[in-house]
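Trainee: One-letter residues, chain by chain:
Protein chains: 2
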Amino acid sequence: MDSAEFTQAEYSDRLTAVRAAMAIAGLEVLVVSDPSNMAWITGYDGWSFYVHQAVIVGPSGAPLWWGREMDAAGALRTVWMPDDCVLGYDDTYVQNPQKHPMETLTQALAERGWQAAQVGVEMDNYYYSAKAHAVLAKDLRLQDATGLVNWQRAVKSAAEIERMRRAARIVESMHQTILDVAQPGLPKNILVAEILRSSALGAGGHWGDYPAIVPLTPSGMDATAPHLTWDDRPMQRGEAHFFEIAGVYRRYHCPQSRTLFFGEPPAQYRRAEEAVQEASEAALQQARPGNLCEDIANAFNAALNKHGFSKDSRCGYSIGLSYPPDWGERTLSLRRGDKTVLTPGMCFHFMPALWLDDGGIEITEPLLITETGVEKFCTLPGSLFVQG
Amino acid sequence: MDSAEFTQAEYSDRLTAVRAAMAIAGLEVLVVSDPSNMAWITGYDGWSFYVHQAVIVGPSGAPLWWGREMDAAGALRTVWMPDDCVLGYDDTYVQNPQKHPMETLTQALAERGWQAAQVGVEMDNYYYSAKAHAVLAKDLRLQDATGLVNWQRAVKSAAEIERMRRAARIVESMHQTILDVAQPGLPKNILVAEILRSSALGAGGHWGDYPAIVPLTPSGMDATAPHLTWDDRPMQRGEAHFFEIAGVYRRYHCPQSRTLFFGEPPAQYRRAEEAVQEASEAALQQARPGNLCEDIANAFNAALNKHGFSKDSRCGYSIGLSYPPDWGERTLSLRRGDKTVLTPGMCFHFMPALWLDDGGIEITEPLLITETGVEKFCTLPGSLFVQG
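Chain order of the listed sequences is Z and R. The numbers in full-length UniProt numbering rise by one with no breaks, and the one at position 192 of the first sequence is 192. The numbers in full-length UniProt numbering rise by one with no breaks, and the one at position 213 of the second sequence is 213.
Check each hint, because a few of them may be wrong.
Pairs count within a copy or across copies, as identical chains cannot be separated in the list.
[To be verified] Pairs of lysine to aspartate or glutamate residues, derived as EDC-like cross-links and limited to a Cα-Cα distance of at most 16 Å, are as follows:
1. K99 / D2
2. K339 / E28
3. K99 / D338
4. K376 / E264
5. K376 / E5
6. K99 / D144
7. K138 / D13
8. K306 / D13
9. K306 / E274
10. K306 / E172
11. K306 / D91
12. K376 / E162
If you're looking for bench data, these hints aren't it; they were derived computationally from the structure.
So that you can see chain Z by itself, here it is in the shape it has in the complex:
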């Protein structure tokens, strides 16, 4: 079997972990709306999260997939559960102010005798709207379970790590494409076209999946703003060009950012590069089992401050299985106050980005916590890219 396939035993382990967390939280039933959590529990994979859908974990037995009738066909083809665990609601419920799909979810729970159960919902995960909550709350006893499943995903299995490794080969290939194609005067969208192509072609014999965030590629002053997308302005000398991109293998993300200059970067950028490199080295020395997430951040910030730079935002977050709009797992953050114990199998996007007054610098690394320390998923040099 392909070492990146998930066995039935792995899905069973995941379900057991979720039910253990439910027991601690006092939940009998869990309604999971986050597409990443839905996929992790059931294997479901489709671009249908723009309509209401969920996975329901009851007190026992297989989970249920619930969604639009049209998408039940996709569920039947992707989930591991028997066909009678897939429930579809009819199309008149779709984007129709006269009624709401969640009415059919309430009914599905009632039919299983769960109308009086304590039901967990992901109040601050994606795609669980305030309206969805209001409709369910009319008839059910709801309790916030935001992050409950996300936290079970923090430590990756061997098969998940294999997917991350394949994604790492893809992001390396995407960065090579950038180095091959980028040149002064090239409209940004033409470069992005080649990056997108590279992301789907894949690498190392493995195809590329779509990323949870499109390539973020700002230049110059736009690079003071981290989340602007591309247009057709030509790339210029004398500007920093950001490339925040991810390789993706079967929904597992390996994000990695680099910063490109045509010609020698200004002295300020070389100072920032040196600061980031030394602070990153100090940070990674703290990345080992038993230490805390904040140990990495504190070491990073202390070393960065010594160089006269500072960073207000977190310097990393948990990564793995993701759907748009975010490739972070929204659990662990590398920042002061995060007391989570680092554990082998945890994966992070270490993100020591600096935004300067006239641009910025992003040299980031996807990381795996190992039994003894930390491993970089990628082999790309940790420096500014300089060409021409």
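For this one, chain Z is given, so just place chain R on it according to the hints.
Mentor: Frame of chain Z, contents of chain R only:
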């Protein structure tokens, strides 16, 4: 000026329309979370909707942009309002269970004397979570305003229609890429790589933006399920291959689907093609100002049924400005019961897709309601694609 640019007068008209709708709904303040609505009101354009953000329309004056401090830089570079209308919250609020960004939104409203105002929120639009609502509801008088802004977007301006036309050239170019590259035995992801490349390269001298939905390209039995994404399985003879894709120019979407066969399609597909073509023609005859949305659907379904086929789902929806996860506007639907009066400037994705037991057929058209009838945005033939 580029005829696809939005003037300050156009933004003022949009704000006036939103305030008129607010007055009818009895709202003094409106909190807009849907990224498409945020962009339509302010021009904001960034991939930051994975954290809490909003546009606030108060009783008078320019709207406010509110979001993560890191993204305020992107707002300053994209919105039309003065800099003091851009409000950022600090990074410790990001994905931190100890506190919630919406606390800072409440504070921003209070600072402007709006703490007792009737405040509209988009309870069933994307990215407004149940938790966000619960936090705001602690201190504010909230009222559901789902769709309020979306409905103002239904009739497009000349500049918006120009963006749609440019997007139409791009989707045509993407379909041409499919015809150029697709062949039996080609792994699907390699074809998708070329489609993605084509989408960003653009067409007709205009660059391509990212779509709100990735290319949906199922084959064979997977095509019975409309929203599955790609993998690396080779394309086969004797299967239907779906291509549901959109060209995008500066966030405006022109979606169009076609179905490809290698070799002569089975007789059932030719019958379905004929049924869809005749039903589409009947439908489009009803597409003119003064008629209702349901007139199109009823004419379509009646003609389709005559051919022995039926379709349970709506046969179209409003399109225009969009962000992930959906390129529909979530207002008008072409289905029985939708009594909206067709008006010049409305844009639809006419979507007469049929899903059959062993595959499906998608031959769809982006449409513009004109002063006298209807115009197809694209010139692609409305038939099955057959090759080889």
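Trainee: Now look at each hint and say whether the structure bears it out.
Mentor: Consistency of the hints with the structure:
1. K99 / D2: Intra 45 Å, inter 43 Å, cutoff 16 Å: neither.
2. K339 / E28: neither (29 Å within a copy, 43 Å between copies)
3. K99 / D338: between (42 Å within a copy, 14 Å between copies)
4. K376 / E264: neither (27 Å within a copy, 51 Å between copies)
5. K376 / E5: For K376 and E5, the Cα distance exceeds 16 Å both inside one copy (23 Å) and across copies (45 Å).
6. K99 / D144: Close across copies (15 Å), not inside one copy (24 Å); limit 16 Å.
7. K138 / D13: neither (33 Å within a copy, 39 Å between copies)
8. K306 / D13: neither (45 Å within a copy, 52 Å between copies)
9. K306 / E274: within (11 Å within a copy, 73 Å between copies)
10. K306 / E172: Intra 31 Å, inter 55 Å, cutoff 16 Å: neither.
11. K306 / D91: Answer is neither: 60 Å inside a copy and 22 Å across each miss the 16 Å cutoff.
12. K376 / E162: Within one copy only: 14 Å inside, 47 Å across.
When each numbered hint is compared with the structure, violations occur for hints 1, 2, 4, 5, 7, 8, 10, 11.
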